[in-house]
Structure formats: structure tokens, C-alpha cells
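Q: Once you've looked at the hints, dock chain R with the ligands against the given chain D.
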Amino acid sequence: MTATVGQQAQAAARASDVWKVYGSGEAQVIALRGVSAEFERGRFTAIMGPSGSGKSTLMHCLAGLDSVTRGTVMIGDTTVTGLGDAGLTKLRRDKVGFIFQQFNLLPTLTAQENILLPLSIAGRKPDPAWYDTVIDTVGLRERLGHRPAQLSGGQQQRVACARALVARPEVIFADEPTGNLDSRSGAEVLNFLRNSVREHGQTIVMVTHDPTAAAYADRVVFLADGQIVSELIEPTADTVLDTMKKLDAPAEVGN
Amino acid sequence: MFRATLKSLLARKLRLLLSGLAVVLGVMFVSGAFVLTDTLGRSFDAVFSDAFSEVDVNVAAKPKVALSEVEGEQVATPVPASVVDRVKAVPGVTDVQGVVNADGARLIGSNGKVVTSFGPPQLGENWLGESDLLKLREGRAPQADDEIVVNVALADAAKVKVGDRVGVLTLAPKKEFTLVGVFGYSGGRDSVGGVNEVAFTTPVAQQLMLGKPDVFSNVTAQAADGTTPEALRDDVARALGTDYEVKTGKQLADDASASLKEGLSFFNKILLGFAAVALLVGTFLILNTFSIIVAQRTRELALMRAIGASGRQIIGSVVLEAVAVGLIASVLGLAAGIGVGALLAYLFGKLAGGLTLAGLGVPPAAIIGAFAVGTVITVVAALLPALRASRIPPIAAMQDVATPDRPLTKVTVGGSVVTAIGAGLLFLGLGGHAGDNTLATILGGVLFAFIGVALLTPLISRPVVALLGSIFAWSVPGKLGRLNSGRNPRRTAITAAALMVGIALVTGVTVILDSAKGSISALAEDTIKAELVISGAQTGPRPASFDPAVLEKAAAIPGVRLVDGEYGDMATMNGERTWVAVSSDVAALERIFGAKANAGDISRLNPDQMLVSSDTAESRKLSVGSTVTVQLSRGEAHTYTVSGIYESSQLTNPVVLPPQAAADFAIPQPIQGFVQLAPGTSVAAVQPQIERLLADSPEVSVADRAAFIKQQTSQLDTPLRMIQILLALAIVIAVLGIINTLALSVLERTRELGLLRAIGLRRAQTMRMITVEAVVISIFGALLGVVVGTGLGAAVVRALKDEGITDLVLPWSQMVTFLVLAAIIGVVAAVLPAIRAARINVLGAIAHD
Ligand SMILES: Nc1ncnc2c1ncn2[C@@H]1O[C@H](COP(=O)(O)OP(=O)(O)O)[C@@H](O)[C@H]1O
Ligand SMILES: [Mg+2]
Numbered sequence: 001m002t003a004t005v006g007q008q009a010q011a012a013a014r015a016s017d018v019w020k021v022y023g024s025g026e027a028q029v030i031a032l033r034g035v036s037a038e039f040e041r042g043r044f045t046a047i048m049g050p051s052g053s054g055k056s057t058l059m060h061c062l063a064g065l066d067s068v069t070r071g072t073v074m075i076g077d078t079t080v081t082g083l084g085d086a087g088l089t090k091l092r093r094d095k096v097g098f099i100f101q102q103f104n105l106l107p108t109l110t111a112q113e114n115i116l117l118p119l120s121i122a123g124r125k126p127d128p129a130w131y132d133t134v135i136d137t138v139g140l141r142e143r144l145g146h147r148p149a150q151l152s153g154g155q156q157q158r159v160a161c162a163r164a165l166v167a168r169p170e171v172i173f174a175d176e177p178t179g180n181l182d183s184r185s186g187a188e189v190l191n192f193l194r195n196s197v198r199e200h201g202q203t204i205v206m207v208t209h210d211p212t213a214a215a216y217a218d219r220v221v222f223l224a225d226g227q228i229v230s231e232l233i234e235p236t237a238d239t240v241l242d243t244m245k246k247l248d249a250p251a252e253v254g255n
Numbered sequence: 001m002f003r004a005t006l007k008s009l010l011a012r013k014l015r016l017l018l019s020g021l022a023v024v025l026g027v028m029f030v031s032g033a034f035v036l037t038d039t040l041g042r043s044f045d046a047v048f049s050d051a052f053s054e055v056d057v058n059v060a061a062k063p064k065v066a067l068s069e070v071e072g073e074q075v076a077t078p079v080p081a082s083v084v085d086r087v088k089a090v091p092g093v094t095d096v097q098g099v100v101n102a103d104g105a106r107l108i109g110s111n112g113k114v115v116t117s118f119g120p121p122q123l124g125e126n127w128l129g130e131s132d133l134l135k136l137r138e139g140r141a142p143q144a145d146d147e148i149v150v151n152v153a154l155a156d157a158a159k160v161k162v163g164d165r166v167g168v169l170t171l172a173p174k175k176e177f178t179l180v181g182v183f184g185y186s187g188g189r190d191s192v193g194g195v196n197e198v199a200f201t202t203p204v205a206q207q208l209m210l211g212k213p214d215v216f217s218n219v220t221a222q223a224a225d226g227t228t229p230e231a232l233r234d235d236v237a238r239a240l241g242t243d244y245e246v247k248t249g250k251q252l253a254d255d256a257s258a259s260l261k262e263g264l265s266f267f268n269k270i271l272l273g274f275a276a277v278a279l280l281v282g283t284f285l286i287l288n289t290f291s292i293i294v295a296q297r298t299r300e301l302a303l304m305r306a307i308g309a310s311g312r313q314i315i316g317s318v319v320l321e322a323v324a325v326g327l328i329a330s331v332l333g334l335a336a337g338i339g340v341g342a343l344l345a346y347l348f349g350k351l352a353g354g355l356t357l358a359g360l361g362v363p364p365a366a367i368i369g370a371f372a373v374g375t376v377i378t379v380v381a382a383l384l385p386a387l388r389a390s391r392i393p394p395i396a397a398m399q400d401v402a403t404p405d406r407p408l409t410k411v412t413v414g415g416s417v418v419t420a421i422g423a424g425l426l427f428l429g430l431g432g433h434a435g436d437n438t439l440a441t442i443l444g445g446v447l448f449a450f451i452g453v454a455l456l457t458p459l460i461s462r463p464v465v466a467l468l469g470s471i472f473a474w475s476v477p478g479k480l481g482r483l484n485s486g487r488n489p490r491r492t493a494i495t496a497a498a499l500m501v502g503i504a505l506v507t508g509v510t511v512i513l514d515s516a517k518g519s520i521s522a523l524a525e526d527t528i529k530a531e532l533v534i535s536g537a538q539t540g541p542r543p544a545s546f547d548p549a550v551l552e553k554a555a556a557i558p559g560v561r562l563v564d565g566e567y568g569d570m571a572t573m574n575g576e577r578t579w580v581a582v583s584s585d586v587a588a589l590e591r592i593f594g595a596k597a598n599a600g601d602i603s604r605l606n607p608d609q610m611l612v613s614s615d616t617a618e619s620r621k622l623s624v625g626s627t628v629t630v631q632l633s634r635g636e637a638h639t640y641t642v643s644g645i646y647e648s649s650q651l652t653n654p655v656v657l658p659p660q661a662a663a664d665f666a667i668p669q670p671i672q673g674f675v676q677l678a679p680g681t682s683v684a685a686v687q688p689q690i691e692r693l694l695a696d697s698p699e700v701s702v703a704d705r706a707a708f709i710k711q712q713t714s715q716l717d718t719p720l721r722m723i724q725i726l727l728a729l730a731i732v733i734a735v736l737g738i739i740n741t742l743a744l745s746v747l748e749r750t751r752e753l754g755l756l757r758a759i760g761l762r763r764a765q766t767m768r769m770i771t772v773e774a775v776v777i778s779i780f781g782a783l784l785g786v787v788v789g790t791g792l793g794a795a796v797v798r799a800l801k802d803e804g805i806t807d808l809v810l811p812w813s814q815m816v817t818f819l820v821l822a823a824i825i826g827v828v829a830a831v832l833p834a835i836r837a838a839r840i841n842v843l844g845a846i847a848h849d
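Chains as they are written, first to last, in UniProt numbering: chain D, 1 to 255; chain R, 1 to 849.
Everything labelled a hint here was simulated from the structure, so no lab data went into it. No false leads were slipped in.
Partial list, derived from the structure: chain D residues whose beta carbon lies under 8 Å from chain R:
1) Phe98
2) Pro118
3) Ile121
Computed far set for chain R versus chain D, every beta-carbon distance over 10 Å:
4) Glu125
5) Lys135
6) Lys161
7) Ala224
8) Ala239
9) Leu240
10) Gly241
11) Gly273
12) Ala295
13) Ile367
14) Val411
15) Thr539
16) Val630
17) Arg749
Since the model is a prediction, treat every value here as computed from it, not as a measurement. All C-beta atoms, glycine included, are put in the ideal place defined by N, C-alpha and C.
This is chain D alone, in the form it adopts within the complex:
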């Protein structure tokens, strides 16, 4: 649809007029109300908004983890909407990586085995050079034989990041990846995510409600009440906080 030629302009993920309704009747909740957004390749985008604004829902819909009620979602040139289980499985294998807020790793596997799990599930071998690069960037070489229980929260999240990166997916979705971490470990993880975008051209979409975390992104999309209400390019913690404050004051929504 976009006429612009060039890699940067091609969207890695795209939502067009996405609606998501949970439940029916009295218990009906409209989590997304016609969201349209593009997430460019090689960019680090943050989705921000108050709690319950639909951030996670949007991410789940974009990633094909949840179905949309109306509208379409695309990842690269694949239309996610309407894919069956086999198609979605293939999509997750080949094009998407995940980092969750918690419970990211299988407790019975070592860090290394966790990192390589997506590849071994897909029956693929890692590219050794890229694997080394990833391990060195996350700085976990000494910890590869450890199990999740033997790692700190920050280290666990870095293992999760490495796992997402090692398969070189089209796009990585991260839902509050630093939500459970102290600020120092959080900063480490965020730096690492930003570097993988800057140095290796990875595309990352991150959900957060923390302005400091959002400031690491190239672009911030603001969500309120299931709608995209604002956007910032090259954000800083201050500009993000300002925008959030405006959103909190209902009168100024829609500016």
C-alpha cells in the first residue's frame, strides 16, 4: 500500500483498523477500537499507555497469539488474520520472537538450551557466528550451563532476549520485559535491546508503562482506552512523561 520504496519504509508489522472485543453482553469489554499502526523494519518501537489501555492485547493480536475481532494484521508480507494453527506455528517459528515479563524460560533446561530451543523446535541449526555474537552481546558466556533458577532476574531476561534474537526473526515482541526487574538490570536489558536494533537491524516492538524504558525506543506509540492517541519520535523520558500526564488528564485526550 505504501508507495515509498526502500527497506526502511517497508513495515515489519502492520495493524489496520484492528478491533478486539472480549466476552459478550454485560461482560463485554472492547479492548481495541480500530487501531491502525505500522512498525517499521530496523526500528525499536515502544507501545505505551496506562494499565488496561489495551497494550498487551494489541501486542498479542500483532503477534498472532490472539485473534482479532475485526481488521487485519500483517507481519512482513504475511497476513496473520485468518491463519490456521499450522500457519501460525510457522509464523512463530520463522518470523516472530517473544520476550515476556516473566516465566520466559523452561526451568529444566540450561540457559544455552533455552536459547537454542526455538531453533531446535524448528529443527534448524544456529549460525555459529551469529550465535557467538548474540552470546557475547548479552554477556552470558560464563552462565550458559546454568539453569534459570541459578540466574538473577536480569540474567534470565537477557537469556530470553538472546533466545528471541538467535533465530533472527522478522520482529521481536516484548511485553514489559523489564517489569519485574530493578532499574539497573532493567537498563542492561534495554541497552541490549537498543543495541540489537542499532547494530544488527533487528525490529523490536516493546510494550511498557515505564517512561524511562520507553525512552530507549526510537518511537513511542501511546494507547488509551483501546485507541492510539499520540506518538513521539526520538523520545526522552521527559517527553514521554509529559505525554503520559496529558493522557491522564481526560480533557486533553485527543490533542
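A: Frame of chain D, contents of chain R with the ligands only:
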């Protein structure tokens, strides 16, 4: 992927082992059964090939009535002494011997009681001298007619020594002999295969064991050098004509071994039956464990899905886990089965009086059976949970919600259908509409009924568990425990269903046997009009019997009105086998057993007349005046005319022959005696007099009617006990299931338990909460079992109405026992999980994952 599966398996090894234990036990039965039959089979082979090693050719007459090992003891037709000379005339023979060898020589020990063998025969023989195999250990050979020698094992069991006067019961009543020697076998053996042997001089052996002079049981011959046993066999057979069966020693050994193995295969089937029960219960257990594991790993599995695993890979990983558990359980079960097989073979050898066991054998069937059964059952049981696992959406990785409680409609509908199929099969099988497949149909019906009810249990569990739980709801921990047990109806249901199977089977069997006992004793009490009964317990293949002279002497006691001695034999009637009886006084039929004449006269019998029951008359198409040819165990065939037909009942025999016939019975002595007293005569006055008459018939005793009925019906107690013991195993497996479920629930609720502890639930209260949950589950299972078992038992009893089981006897006290037992089981099963729950670290639990 493979790696991930194995790792997760290792992390849960204890849990899986616990559920695998059920499979281990089932596999143990399967392989144990094969190991046992193989080992015993080869032991029999060795015993017989040894016993017949000194015989090249054997000549015997065709038996009058051919019976298999299971049907009863076959009596050999005597061979006339002249055959010995005819065999001697065949070129190429040496060492021809006429052999007397028949079961039923019962030695009276120094304690005045008959030595029993519990299985192997008690042979009476003619002394043929020592051989390479058989040697006198002490004393000398019997020379006079009142001298005998016995084998060492028998002398030891009877506690008699050379020089003692000993009594022996044979076809004739008790006779006294001097023990002049004891003999043993090569290799220091005191007996061959536990057989007891009494050797007389040849004429005495002929008279006492075969009933007439100048006959032998068989004739043996050796082949001269240069003649093979096979060639000699053919020559002898040609010389004797078709009246005789001529076989080589090897053929004899094979035949003898084969007929014992037939008995063994029956044993094998019983063990396999219990294996099936253990595996059925085990299937529930595995299903439950895997369901819980899948539920617990929801997030883990969802995470795998989120990072690209396909549904099929998830199924694969769960199935792989099942295969691994199945394989390990099979290996352990096989090892345990070999042990159990060896132990049972050892016990069997001991009981059979020192059967020398061949080396322990593990036949391929044991190994194949173990792995096939163990692995297949585990995988089948894990299939459903695997399927469920594959349906976990990837988004579940990010949600904290537990798997929602799915509606029970599908299981309930499925359960109703399966139960209905089971009921239908039972109806067909029990109603006699299934023809040759009756047993298979009934078993199928029971299996379907169990599975159907198991599927219905989640639905039933809600109200029943709520009701049961309300008993405990007076305390907070009790209330929490009750709520917990109702929390996951499926899990509670499957755990309870596993317990149900064992208890239902025990209850069902008890209902059937108690009803049979009740019906028979009610009938006996109503009809038998004899104040005193002479009888003895049967310990081997041969029933106890007594001196017929006792009957006449008892009849002469003042105050005795009627005495009847009952004889029995397997005979052929117009070529078909049937049980025939003789009443020493035919009048007893009406006057003691209350038989009613349907046709003809049943109060008397001429030597050429017979009476038949109405059932026999119907099935053999006989009426008064029909003529029938009867061949008894001994003697020639005789033609009788039916002179009367009596109404069949549980207590009547199919055919009654005149007293003269008893002389040709395998046991020409009465097996039971019934004594009717004149009104006003005191039982206590007559009983000691009859006791005195029985002094030389130590196998039997005299008892009043009530004691007799009790003794007769108590014969059903032994199979009942055995079945109860073996089914107890199914219950033990179910207990493992309860422990397993509780342990997993505790693990699953670690956080919640921590919270409860944090807000002040004491350790003891925590333990009580878990115990209540366990007790509720186990009582629920027992209740289901008692109800289902009673239903099944009652159905069978109804179906057997025509067989004379008319009264339905419900074992109320047993049922209460089961429920109490279930409560205890619950408490015991809760011990470990409760301790575990009580030990939960409050802080750690709240920080759990
Ligand atoms: N599975 C669900 N069922 C019903 N309502 C849901 C579900 N998931 C989310 N919601 C609702 O949708 C809205 C958006 O939720 P979510 O996307 O989780 O918000 P955020 O991540 O921004 O906090 C909330 O009102 C939430 O209650
Ligand atoms: Mg969220």
C-alpha cells in the same frame, strides 16, 4: 525438542515413577505368569522324562472313561497278566515287567491321620526291585503279603520308621502292614515330583489297587541292544493288536507333562486376569498423572507453542514422556515379574511336596508381553492428556489463569453411552444370548461398565463429594479440604474411579459367592432331612471316602431310621461324559433329599434300572422306559432302563444308579453318609457311636447337619479369600493413585498453601485439610465401588437364578468394612502429602514462580 522432553521427564522422575508403579505391578503379573508357567512346565518335563527314563516301551489298555487332568482322575483299565507273556514273545525285548501303579494308597501317619499330598498322586504300586533310579535307603524289599515299603518323603511326612505297623487305605478299607523298608531316588531325592508311594507285593498291589488278581496297570519293556524304542513299540503294537496303547517312554513323559501343563495354563489365565485388573487401574492412574502434569505445565507448553512448537510436537513430547515411563516401568515390572515367578514356582514346588525346579526361565513371551503391555498401556493412557496439551493456546503463557473448568457435558454423554454399552453387553452375556462368547461378552460388559461409570464420576462427584464433605465441614481445615476435593471434579473422579475398580470387583465377587452360599445352605436346610452327616475335607484330586461297612453298622444303631451312603463317579452315558451317583439306600432320595418324582417310581431300583433328574431327562431326551448304556471307570459297559425321573435341584445328582454299580466306580467307597434318626432320638447319643465306627476311616468324621452345611458352603470361602487378596492389590494401586493426586495438588497449590499459612493456618490444621481431602476422595471411590460392585453382583446372581442361586445376599458388614477401610486408606495416603504441605515455607511459597 527431544532434549527438552527428556529433561522435563528427569525433573519429574519421582512423580512419574509413582504413577508408573501401577504399570510396574501390572507388568509384574504378566511376566510373572509367563515365567512361572515356563519354569514349572520345564520342571514337569524334567520330572517325567526322568521318571520314564528306564522305560523304552509301555503297554496300557485304553481307559474306559477318558478324562483330562482338569476333569478328574482317569482310571487306567487293567491289563491282564497274560499280556506280559505276549510282550515277552516279541523279538528284541528284554526285561518285561507287569506294573501296578494307581492313585489312592493313603498311608495313616503316626498321628492317626491320613498323610495328604495336596496335589500329586498317592501311588500304590507293586515292588519291582531296585534300579539305577530307585534304591532302598533302609530295610529290605516287601516279601510277605503284609509288608510294604514307602518312599522316604512319605515315611518322613507320616513320621513312621522301618519296623512300624502302619495302616493303609486303598480300594479296600484300612489294612495293617509292617513297614520293612524305605526307598529314595537317584540324586538324593526323597520323591519324584512330590508323589507319595506305597509299594506292596505284586498280588496285594493287584488286589488293593486294581481290585482283582492277575492284572496290571501297564506293562513295560526294554529294547534289546540294536533295537530302537520306536521300532520295538511298533513291533509290540503289531503283536498285541488294537486293544492296547503302546508308547515309548518319551511319549509317556510328554503326555504326562502335557496334561499337567493344561492345568498350568489355567493358572496362567488367572494371573493374566489379575494383570488386566492391575493395568486397568493403572491406566486411570497414568491418565490422571499426565493430566495433572499437563495442567501444571500449561505455561511451559504455551511458551513452547509461542516460540514455534507445533501442536503435533507437543503431543509428541507428552507421548515421548509416556513411552519413556512405560519402558522404565516395563523393565522394572519384568524384573519384579521374574522375581514373583521364581517365588511362586518355589512355593508351588514346596506345596507339591518337593518338586525339583528346573532352572528359572524367562520365555520370550514374558519379555514381549512386559514391554508391549507396559508401553502400550502407558501411551494409551497418556494420549488424552497429550491431546489436551496440544490444544493449549500460546497466549496461555502470558496469562495467570489456570485452565478453565471445562463443561462436563461431553464426558457425561460419553459416559452414559459407554455405560449403556456395558449394560447391554452384560445383559446379552448374562442372559445367555451370547452363545460361545458368553465369557468374553460378560468381561467386555464389565470393562465398559467400569469405563462408563468412570466417565460419569465427574458429574456424580459434585453432589456426592459435597455431601460427604459436609461431614467434615465443622472445622475450617475440614471445610477447606472439602472445597479442595470438589475443586477439580475430573481429577477427583479419576482418582476415585481407580479405587472404585478394585472395590467393585471385590464387592461383586462377594455378593455372588455369598448369594451362592446363602442359597445352597437355605436349600440344604429346607430339604436335607438327616440329623448326622459323615464327610471329610478333600485335600487332593481324590475326595475323602470311608468304609462302606460303616453304613450297615450305623443302620443297626438303635434310634437310627435311615442311613444312606453316597458314591460318585465320572462315567460315559451313551458315549457322553456325565457324573453318576449311587445312593446305598435309594429310598433316601425322597426321604432325606426331598426329591419329587416327575415320572415312574423313584423309591426303588433293580440292578438294571436307573433314575435320572428332570434336567438330564430333558437334555438327553430320556423318558421312563428308555435304555441307556453306561460305562463306569472300571468294568464293562452296562445297559440300564430308566425307571424314574425326579425333579432337578441344587442337591440332586444327574443320574442315580443301583448300589451294585458302585463296585465299578473309581472310588468304590462312599464319599458322604447321611443318617436320619427316629423322632425323639438324641443326636448326642448317636454321634459318638458313629464316631467309633469311623475309627478306621480317618479321612472322614461325623457332624450334625448344621456343621455339615457350614463345612460344605465354606468350600466357597477359599476362592473368595484368594480373589480378595489378589484384588487387594488393585486397591493398593489405587492408594498410590490417591497419594499421587494429593502430592500433585499440594505442589500445585504451593502458593495458596503458603498464603493460608501466612494468614495463620497452623501446621496441624494444614495437615488436617489435606487429610480431609484424601478421605473424601477415597470414601467417594469406595462408595462408587460398593454400589457398582453390588449392581454387577446382583446382575450375575439374577442371571444364575436358574442355576439355583435364588437368594440375593448382600454382604452389608463387608461393605461397611470397605468404607471404613477407605477412610483409613485416605488417612494413610494423606500422610506424605500432608507432611509436605505442612513443611511449606511461607515466604518461599508466596514467591513461588
Ligand atoms: N482475556 C480477556 N478477557 C476479557 N477481558 C480482557 C482479557 N484480556 C484483557 N481484557 C481486558 O481488555 C482490556 C485491555 O487489557 P490489556 O491489553 O491487558 O491492557 P494493558 O496490557 O494495557 O494493561 C482491559 O480492560 C482488560 O480487562
Ligand atoms: Mg499488560
